[in-house]
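Here the structure of chain A is known, so what remains is to put chain B in place on it, guided by the hints.
2 protein chains.
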Amino acid sequence: MRKKIEVGKKVLATNEQYAEANSRLLSMRKQLCLNLISSPGSGKTTILQETIKHLRDKFRIGVIEGDIQTSIDAERIAETKAPAIQINTEGACHLSALQVSSALEQLPVDELEIIFIENVGNLVCPSVFELGENAKVVVLSVPEGDDKCAKYPGIFARSKVLLINKMDLLEKARMDFDIERVQRDAKRVNKKIKIMAVSAKTGIGMQDWYGWLEEQLGYVKSK
Amino acid sequence: MRKKIEVGKKVLATNEQYAEANSRLLSMRKQLCLNLISSPGSGKTTILQETIKHLRDKFRIGVIEGDIQTSIDAERIAETKAPAIQINTEGACHLSALQVSSALEQLPVDELEIIFIENVGNLVCPSVFELGENAKVVVLSVPEGDDKCAKYPGIFARSKVLLINKMDLLEKARMDFDIERVQRDAKRVNKKIKIMAVSAKTGIGMQDWYGWLEEQLGYVKSK
Numbered sequence: 001m002r003k004k005i006e007v008g009k010k011v012l013a014t015n016e017q018y019a020e021a022n023s024r025l026l027s028m029r030k031q032l033c034l035n036l037i038s039s040p041g042s043g044k045t046t047i048l049q050e051t052i053k054h055l056r057d058k059f060r061i062g063v064i065e066g067d068i069q070t071s072i073d074a075e076r077i078a079e080t081k082a083p084a085i086q087i088n089t090e091g092a093c094h095l096s097a098l099q100v101s102s103a104l105e106q107l108p109v110d111e112l113e114i115i116f117i118e119n120v121g122n123l124v125c126p127s128v129f130e131l132g133e134n135a136k137v138v139v140l141s142v143p144e145g146d147d148k149c150a151k152y153p154g155i156f157a158r159s160k161v162l163l164i165n166k167m168d169l170l171e172k173a174r175m176d177f178d179i180e181r182v183q184r185d186a187k188r189v190n191k192k193i194k195i196m197a198v199s200a201k202t203g204i205g206m207q208d209w210y211g212w213l214e215e216q217l218g219y220v221k222s223k
Numbered sequence: 001m002r003k004k005i006e007v008g009k010k011v012l013a014t015n016e017q018y019a020e021a022n023s024r025l026l027s028m029r030k031q032l033c034l035n036l037i038s039s040p041g042s043g044k045t046t047i048l049q050e051t052i053k054h055l056r057d058k059f060r061i062g063v064i065e066g067d068i069q070t071s072i073d074a075e076r077i078a079e080t081k082a083p084a085i086q087i088n089t090e091g092a093c094h095l096s097a098l099q100v101s102s103a104l105e106q107l108p109v110d111e112l113e114i115i116f117i118e119n120v121g122n123l124v125c126p127s128v129f130e131l132g133e134n135a136k137v138v139v140l141s142v143p144e145g146d147d148k149c150a151k152y153p154g155i156f157a158r159s160k161v162l163l164i165n166k167m168d169l170l171e172k173a174r175m176d177f178d179i180e181r182v183q184r185d186a187k188r189v190n191k192k193i194k195i196m197a198v199s200a201k202t203g204i205g206m207q208d209w210y211g212w213l214e215e216q217l218g219y220v221k222s223k
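Heads up: the sequence lines are chains A and B, in that order.
Under our numbering, residue 223 is the last one in the first sequence; the count climbs by one each step, no gaps.
Under our numbering, residue 223 is the last one in the second sequence; the count climbs by one each step, no gaps.
If we strip away everything but chain A, and leave its shape as in the complex, we get:
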């Protein structure tokens, strides 16, 4: 048991070193890098597609797509004409900072202002692996239920933003989802977390998200 824990720490420590290197590089280039984390199917790719369509005339955006297999998500991003790199983890349940480091080499980084990393769909493991990002953004979709912040607190404690997605379904499918419970549970583990209720599909609340992105990019550039 003890040995397992030690090796676990060593893996995290090695990851941490790559994460720091990524972070230094991004900071030198004054790029905003966000790590999107959620369960499978919460709508991360759709959020990115809409964000790129909306902001591509204003900012230069690139995407690193993490999936266990397939390049479905990178192809969806490519439709928006933004540069996208697909990483296949081949079974692994999260992206590592080393994988991101090699993806950063393949992106036309000198031209980019915002880099989104879409992590493997998993509400647990990706939360403890730093990638060098400026912030984590956790996405929770309405159909997943309002008890998720209580049941999976780790990622909500570590994220700067919580996007509650698929808000259009609340009314359309008359879903039993207590948004105040989600807000309360998220704030309990993370007082500072910024919560935005959105629907990437219909556009509800997305202006707040775009505004937040612009503000964050401003901070990064002014440093």
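Honestly, the hints are just simulated from the structure, not real lab data.
It is possible that some hints are incorrect.
Given that identical chains are not distinguished, each listed pair holds provided it fits within a single copy or across any two copies.
With a straight-line Cα cutoff of 25 Å, these simulated DMTMM-like cross-link-like pairs (lysine to aspartate or glutamate) come out [to be verified]: (1) Lys9 - Glu113; (2) Lys223 - Glu113; (3) Lys53 - Asp110; (4) Lys187 - Asp110; (5) Lys81 - Asp185; (6) Lys191 - Glu90; (7) Lys53 - Asp185; (8) Lys192 - Glu90; (9) Lys187 - Glu79; (10) Lys10 - Asp185; (11) Lys30 - Asp185; (12) Lys9 - Glu111; (13) Lys160 - Glu16; (14) Lys53 - Asp176; (15) Lys192 - Glu215; (16) Lys201 - Asp168; (17) Lys30 - Glu111; (18) Lys81 - Glu20; (19) Lys30 - Glu171; (20) Lys201 - Asp176; (21) Lys187 - Glu90.
Okay, now just chain B, sitting in the frame of chain A:
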């Protein structure tokens, strides 16, 4: 790197030994044990609640609930009067066979015929940790999208049954979900997988699931 892989194998090997012990015990007692795996919020607990309500007069059912934190799910199961044990993994992304072994000691096992294990909500990690179950049942809900069997093939390759849940939303929320694509992708990695389209909430397709459970219990008892 090499060391990491060796330790990984060792952890799995130790888990395997506990899983075999659980399996021997369950088989001796002629109990059917199913390991339910899905993303967070696919509806595993609701499926179990409805299954227990429907079958409790016919079979004696117990539940082992795996969650990172809280006892929300075990409390929901307790409403059905079925015995339920909550395991909190305190951050770990899957149940282990050792945890299940200790939960089996706390359940009134001599009186039970069917034991459901509801794993931590995670489509990746739980798929490689055997718990001693007779079969894995993977749940995919309609709002998660029809690309999930292609993107997370491991769990679909290892499950005996795929329950496609929240079928009521297909029509109610006019969702873009190609069920034939799901069936095709699942069969591609697992020819024998039995696929049932259900809605635990409205009851659609649940009779097939109850029939399958009864059939499986018959096999286990006749061995």
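I'd like to know which numbered hints this structure contradicts. Please list them from smallest to largest.
Of the numbered hints, 1, 4, 5, 7, 9, 10, 11, 12, 18, 19 do not hold.
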